[in-house]
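Residues per chain are reported as follows:
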Amino acid sequence: DVKVTQSSRYLVKRTGEKVFLECVQDMDHENMFWYRQDPGLGLRLIYFSYDVKMKEKGDIPEGYSVSREKKERFSLILESASTNQTSMYLCASSTRTEPFNYGYTFGSGTRLTVV
Amino acid sequence: GQNIDQPTEMTATEGAIVQINCTYQTSGFNGLFWYQQHAGEAPTFLSYNVLDGLEEKGRFSSFLSRSKGYSYLLLKELQMKDSASYLCAVKTGTASKLTFGTGTRLQVTL
Chain C
1 DVKVTQSSRY
11 LVKRTGEKVF
21 LECVQDMDHE
31 NMFWYRQDPG
41 LGLRLIYFSY
51 DVKMKEKGDI
61 PEGYSVSREK
71 KERFSLILES
81 ASTNQTSMYL
91 CASSTRTEPF
101 NYGYTFGSGT
111 RLTVV
Chain L
1 GQNIDQPTEM
11 TATEGAIVQI
21 NCTYQTSGFN
31 GLFWYQQHAG
41 EAPTFLSYNV
51 LDGLEEKGRF
61 SSFLSRSKGY
71 SYLLLKELQM
81 KDSASYLCAV
91 KTGTASKLTF
101 GTGTRLQVTL
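For the protein sequence lines, the chains are C and L, in the order given.
Per the working numbering, the first sequence starts with residue 1, numbered consecutively.
Per the working numbering, the second sequence starts with residue 1, numbered consecutively.
Derived by calculation from the structure, the hints in this document are not laboratory data.
It should be emphasised that the depicted structure is a prediction, and the values quoted were computed from it without experimental measurement.
Ideal placement from N, C-alpha and C gives every residue a C-beta, glycine not left out.
Careful, some of the hints might be misleading.
Claimed, not checked - Derived pair list, reagent style DSS-like, types lysine-lysine, alpha-carbon separation capped at 30 angstroms:
| # | chain 1 | residue 1 | chain 2 | residue 2 |
| --- | --- | --- | --- | --- |
| 1 | L | K68 | C | K53 |
| 2 | L | K68 | L | K57 |
| 3 | C | K53 | C | K71 |
| 4 | C | K55 | L | K76 |
| 5 | C | K53 | L | K97 |
| 6 | C | K55 | L | K68 |
| 7 | C | K18 | L | K68 |
| 8 | C | K18 | C | K70 |
| 9 | C | K3 | C | K53 |
| 10 | C | K53 | C | K70 |
| 11 | C | K18 | C | K57 |
| 12 | L | K97 | L | K68 |
| 13 | C | K18 | C | K71 |
| 14 | C | K13 | C | K70 |
| 15 | C | K53 | C | K13 |
| 16 | L | K97 | C | K57 |
| 17 | C | K71 | C | K3 |
| 18 | C | K18 | C | K53 |
| 19 | C | K55 | C | K70 |
| 20 | C | K71 | C | K57 |
| 21 | C | K71 | L | K97 |
| 22 | C | K3 | L | K68 |
| 23 | C | K55 | C | K3 |
| 24 | C | K18 | C | K55 |
| 25 | L | K81 | C | K70 |
| 26 | C | K70 | C | K57 |
Unchecked claim - To list a few chain L residues with every Cβ distance to chain C over 12 angstroms, as calculated:
| # | residue |
| --- | --- |
| 27 | I4 |
| 28 | Q6 |
| 29 | T23 |
| 30 | G40 |
| 31 | L46 |
| 32 | S47 |
| 33 | S85 |
| 34 | K91 |
| 35 | S96 |
| 36 | K97 |
| 37 | L98 |
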């Protein structure tokens with residue numbers, strides 16, 4: 001069974017802390033994504049990566065950075081956590097191989113609370 | 001920019017049929033996806049349309065009209081377990097990234 005695994009289901013951090021959210025996929029997918037999901041705003045793309053060591057900004061990259069040193073792992077970093085980063089964070093992966101007709105595979109999410 | 005609209009909430013009765021609409025305005029279009037998300041869980045893939053017309057998969061069907069920027073998800077023979085949020089997402093350009101609507105929360109009642 002293919003999987004995208006996020007390291008933590010729930011996380012509570014203090015304002016100003018550096019926070020790492022980890023995501024690992026076992027499907028040999030090229031593409032990996034980080035979204036945050038907030039009520040009334042839906043899923044918004046933070047960063048994505050098409051290959052090892054490459055990254056591209058999504059729609060809301062401010063306050064975040066990412067790292068992709070290995071194909072299977074994509075990390076989201078909150079450089080200095082703030083209360084407005086309290087959210088559900090979802091990691092997803094996909095393949096570039098066409099036909100692209102099954103979309104993303106999502107992880108189960110990390111609910112981050114910044115206090 | 002990208003704009004994807006879908007109703008915020010819908011209610012339907014068990015055994016009935018419900019249609020969830022999605023309209024989009026995007027710069028470029030390369031396919032439309034529907035996902036189901038139960039509360040507290042990850043979204044799961046339901047359907048993909050890239051050409052105009054209806055795609056049927058069991059109790060679920062999805063329709064696309066590219067000229068109108070319009071799609072709908074049709075759920076037949078509703079069951080209580082269909083209570084969930086339904087997310088419309090558009091793929092643009094050659095990139096694999098998706099832009100999501102805010103989701104429609106469907107409640108199925110007895």
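Now for the hints, and whether the structure bears them out:
| no. | hint | in the structure |
| --- | --- | --- |
| 1 | K68(L) x K53(C) | violated, 39 angstroms |
| 2 | K68(L) x K57(L) | holds, 23 angstroms |
| 3 | K53(C) x K71(C) | holds, 9 angstroms |
| 4 | K55(C) x K76(L) | violated, 41 angstroms |
| 5 | K53(C) x K97(L) | holds, 18 angstroms |
| 6 | K55(C) x K68(L) | violated, 34 angstroms |
| 7 | K18(C) x K68(L) | violated, 45 angstroms |
| 8 | K18(C) x K70(C) | holds, 21 angstroms |
| 9 | K3(C) x K53(C) | holds, 21 angstroms |
| 10 | K53(C) x K70(C) | holds, 8 angstroms |
| 11 | K18(C) x K57(C) | holds, 19 angstroms |
| 12 | K97(L) x K68(L) | holds, 22 angstroms |
| 13 | K18(C) x K71(C) | holds, 23 angstroms |
| 14 | K13(C) x K70(C) | holds, 26 angstroms |
| 15 | K53(C) x K13(C) | holds, 27 angstroms |
| 16 | K97(L) x K57(C) | holds, 11 angstroms |
| 17 | K71(C) x K3(C) | holds, 14 angstroms |
| 18 | K18(C) x K53(C) | holds, 21 angstroms |
| 19 | K55(C) x K70(C) | holds, 12 angstroms |
| 20 | K71(C) x K57(C) | holds, 18 angstroms |
| 21 | K71(C) x K97(L) | holds, 17 angstroms |
| 22 | K3(C) x K68(L) | violated, 36 angstroms |
| 23 | K55(C) x K3(C) | holds, 22 angstroms |
| 24 | K18(C) x K55(C) | holds, 20 angstroms |
| 25 | K81(L) x K70(C) | violated, 38 angstroms |
| 26 | K70(C) x K57(C) | holds, 19 angstroms |
| 27 | I4 | violated, 8 angstroms |
| 28 | Q6 | violated, 9 angstroms |
| 29 | T23 | holds, 15 angstroms |
| 30 | G40 | violated, 8 angstroms |
| 31 | L46 | violated, 9 angstroms |
| 32 | S47 | violated, 9 angstroms |
| 33 | S85 | violated, 9 angstroms |
| 34 | K91 | violated, 8 angstroms |
| 35 | S96 | violated, 5 angstroms |
| 36 | K97 | violated, 6 angstroms |
| 37 | L98 | violated, 7 angstroms |
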